[in-house]
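Asks: Listed in order, the protein sequences are those of chains U and R. Per my numbering, the first sequence starts with residue 1, numbered consecutively. Per my numbering, the second sequence starts with residue 1001, numbered consecutively.
Honestly, the hints are just simulated from the structure, not real lab data. Using N, Cα and C, we set each Cβ at its ideal position, and we do this for glycine too. It is possible that some hints are incorrect.
[Unchecked claim] Quick list of simulated restraints, FRET-style, between CB atoms:
1) R:Asp1132 x U:Gly110: 29 to 37 angstroms
2) R:Asp1145 x U:Met391: 35 to 43 angstroms
3) U:Asp301 x R:Leu1411: 32 to 40 angstroms
4) U:Arg265 x R:Asp1116: 37 to 45 angstroms
Spelled out from the first residue to the last, the chains are:
Protein chains: 2
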Amino acid sequence: MTDSQTAASPRDADTETGQRPRVVIVGAGFAGLSAARALARAPVDLTVIDRHNYHLFQPLLYQVATAALTPAEIAEPIRGVLRCQDNARVFMDEVTGIDTGARCVHTKRGARVGYDTLVLATGARHSYFGKDHWAAHAPGLKTIDDAFHLRQRILSAFEKAEMAEDSEDRAALLTFLIVGGGPTGVELAGAIAELARSVARDFRRIDATSARVVLLEAGPRVLSPFHPDLSARARRDLEELGVEVRTGTPVTEIAEGVAVVGEERIATGTMIWAAGVQASPAARWLGVEPGRGGHVPVGPDLTVPGHPEIYAIGDTAAHVPDGADRPLPGVAPVAKQMGAYVGRRIARSAAGKAPGGPFRFRGRGAMATIGRNRAIAQMGRLRVRGFPGWMLWGLAHVYFLIGFRNRLAVLMNWTWAYATWQRGVRLITGAQI
Amino acid sequence: MTDSQTAASPRDADTETGQRPRVVIVGAGFAGLSAARALARAPVDLTVIDRHNYHLFQPLLYQVATAALTPAEIAEPIRGVLRCQDNARVFMDEVTGIDTGARCVHTKRGARVGYDTLVLATGARHSYFGKDHWAAHAPGLKTIDDAFHLRQRILSAFEKAEMAEDSEDRAALLTFLIVGGGPTGVELAGAIAELARSVARDFRRIDATSARVVLLEAGPRVLSPFHPDLSARARRDLEELGVEVRTGTPVTEIAEGVAVVGEERIATGTMIWAAGVQASPAARWLGVEPGRGGHVPVGPDLTVPGHPEIYAIGDTAAHVPDGADRPLPGVAPVAKQMGAYVGRRIARSAAGKAPGGPFRFRGRGAMATIGRNRAIAQMGRLRVRGFPGWMLWGLAHVYFLIGFRNRLAVLMNWTWAYATWQRGVRLITGAQI
C-alpha cells in the first residue's frame, strides 16, 4: 500500500478531457450492459451509471426469493463485467434528473456527468395501479434486496406457524397469496408450493405440505402471452403442485394480513405482488409525454423524438414495430437486442460510418417454468412442455447467465436440489423477531 | 395442499405431554448444537431455541464480510441439521428471561417453554468496554447481518472513492481501520488488503492497491494466544500484504470517520471492531454474579452453582480447569467439547445412569490465517506457518463445515478465487446511495 496521494490514476484526466464522444449509459440491466459491451472497441468515452454495483440476471430472481439460489449466483459486479473494457468507467450512483439543454446527467451523490450521447436503460418498477399503500403488504420482486425480503417473509411464515398456538393463525400463516399470473407469479407460486414440500420434514407441529398457495390472475388465463394450449398446461401443472389458480378474479383490496378477492376475504401471512410494472421515471426526466405504463415512446432507431442524441431501450422504452399494434414486451431478449443495436449504432457513428437501418427484433421464443420437471416453451410454431420443456428452460437459463463461475454454481445447486429435494439457501436474514 | 385445518400434526401433543424429561437448549452455535446432537438417541423431549434459523460457522464469517464466500456456504438451517432427530423441535425466537423457580424460559414472541434441564449456550456479543457509542462507527462481526453490513461498507468505500473529487476524501475512503489483533482482526486485515489488490483492475480513477489497512492492537503483539514466534510471523505476513500493524496502541476515541490513536487522528471511511466480546445476558437472566466479561461461572460439571439443572456452555460460561489460573478461551473447539459433554451427561441421566466425571478440555491446537498462502498453526509443540500452515488451515475449516454441500461449495469458491485472484461475491446489498 503506497502513499494514498497517488490514489488518482492518470486515466482520470484522460477520460475527463478526451476528444472522443462521451457516451453515458444509465442502468446496467440486460439493455444497458448489452449496449456497453457492443461499444467495447468503439472510440468513445463510456460511463455506465447504476444504483447497484451488480448486474442482475432477473429471470432467476424468484429462485433467490424461494431459497433455491444464492444472490451471488445470479448477479455479477458491473465492474467485473467491464473490467477489460478500457474505454468504460462505472459509477455506482442514482440518476435524479437530466439537463437535456446542457447535455448533463445529475445524480444523487451530486455528480454532473456530461454526455454527447445518452442511453436510458433504467428498467421498470412495480405498479400498484394507483394503490401504492398496497406495496407495504404485498411487496414485489425486482432487486436482490426485494428477494431477501421475500425470502425472509416466506421462511418466517413457516417459523411463525410452527409456534402459533391458534389454528386460524396457523392456517393464515401457511397461506401464500401471489397477485399476477405472468411468468414471475407462476414461477413464484410453483416454487413456494415446492418449498413447502421440501421443508415439511423439518417441522414438528405443522404440516408444511398443507400450505395453501393461491395464484390470482385478473385476466382469463395465466401466462397470457403464450399459446392457450400452453397456458392450460401451465395451469394444470400448477394445480398438480397444489396451487389454487384463480383467473378472472382481480384483487379489490389489500391490507395487513388480508386480501379481498371477489366476495372472499383471504387471511394470509404472505402476499407477493407480481401484477404490474411501470417504466422508471425516465420520461419525467426528459419532459416527454409517457406512453401507457410510463414508457418513453421511441422512434424506429430507438431515439427519443426530438432528441437524436438520446436513446431509450429495454423496459424504459415503448417500441412499436412496423405493422404491429402494440409495443414489444418487457422481456430480456428484447432488452438485449435493443442494447446491442444501440451500441453498434453509436460505435458506427463514432467511427464516422453511417449508423445503419431501424431496429428489428428477432424473437427466438419464450419459456416459463412451473416447477420440478415442469415448464413450457414456445418457439415459432413449436410448443414444448413437461420434462423436455423444463430441460430446455434450465439449459437456456444456465447458458445465458453471465460468467462461467455462476453457470457452474447454479448447475451444481440445481443438481443438488434435484437429487436431494432440499433447498440450499434457507437463511432468514435481516429479520427482527 | 389439503385443508389447512389439518396443519397441526399429531406430534404436537406428543412433545407437549410426554413423560420424558424436557431439555431446553438456548442457542444453536457450536456449543448448543453439539449438545443437541449428543442427545440424538436420548429419551428426552428436546427444544432448541435460537434467534436465527441457521447455525453459523463463525470462523469463516470474515470471508463473507470480505466478499469471498456467500452466507449460505457457511450457514445451515438448524431445522435441517436436526431434521432426522425426532426428539428435537426448533423454535426461532429470542429468550428474554428465565424463571428458575417455575423452570420456564420466557421468549420475545411471548412463549413460555418449561424445562427440566436447561442448557444456556447463548454465546457472546461485542464489548466496547463501556464506550457503546463507538458501535455505530466501528461495527463488529458476529452474525450474517453483521457480515452483510461490513461487506456493504467495505465495497462501498471503494465505490465512493472512485467518485470522490477531493484527494483527502479519497485517501480517507481508502483507509480501513481494524481494532483488535486477535484472529478475527488479523484475518479481516489480511482479507481486506487482498480484496483491494483483487479489485484494482476494476477501477479507473483510483488505485485500489494504494488502500491503507491499519490493524490496531492494544497489547504487545497480535494473536497473543499463540507462541511469540508465530505471532511475529503473522505480523511479518501482514506487513508483506501491506497492512500497517500497530501494537501497544489502544484507540482512545472513535467518531464518525475518525479514530484517535495515541497522538494521531486517522481519517477513515471504514472502521471494524474486533477487540472485545462479552457474554450474552445469561448471568442476568439467572440472577448470578457474572465473571469478568459477563460470563456465567460454572462448576466442574458445567452446571451453574446452586442450579444443578442448568448448564452454561460455550462463550456463555467461564470454566476454569483444575490447576489453571484462567478460564478456557472462547473458541469453537472448547464450545463443541462442552456441548458434547453436557449432551452426553444429560443423556446418561435420562437413561438412569450415573452422569460421569467432570469436564476436561482436550486441546488439539489452534490456527489463524492471514491471507493467500499464509497461516499459522500450533499443535502442542508443533508450529506450522506459511504455505503448509495455510493448507492445514483450509483443510481443517472445510472439514469442520457442517453439511457436505457447503464443504464442496466452499472448496469450489476457494479454488476459483485462488486460480483467478477474483472475489466471487462482490455484491453491495441493503445500501442506500
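Asks: Please go over all the hints and tell whether each is borne out by the structure.
Replies: Evaluation of the provided hints:
no. : hint                                     : verdict
1   : R:Asp1132 x U:Gly110: 29 to 37 angstroms : holds (33 angstroms)
2   : R:Asp1145 x U:Met391: 35 to 43 angstroms : holds (38 angstroms)
3   : U:Asp301 x R:Leu1411: 32 to 40 angstroms : violated (50 angstroms)
4   : U:Arg265 x R:Asp1116: 37 to 45 angstroms : holds (44 angstroms)
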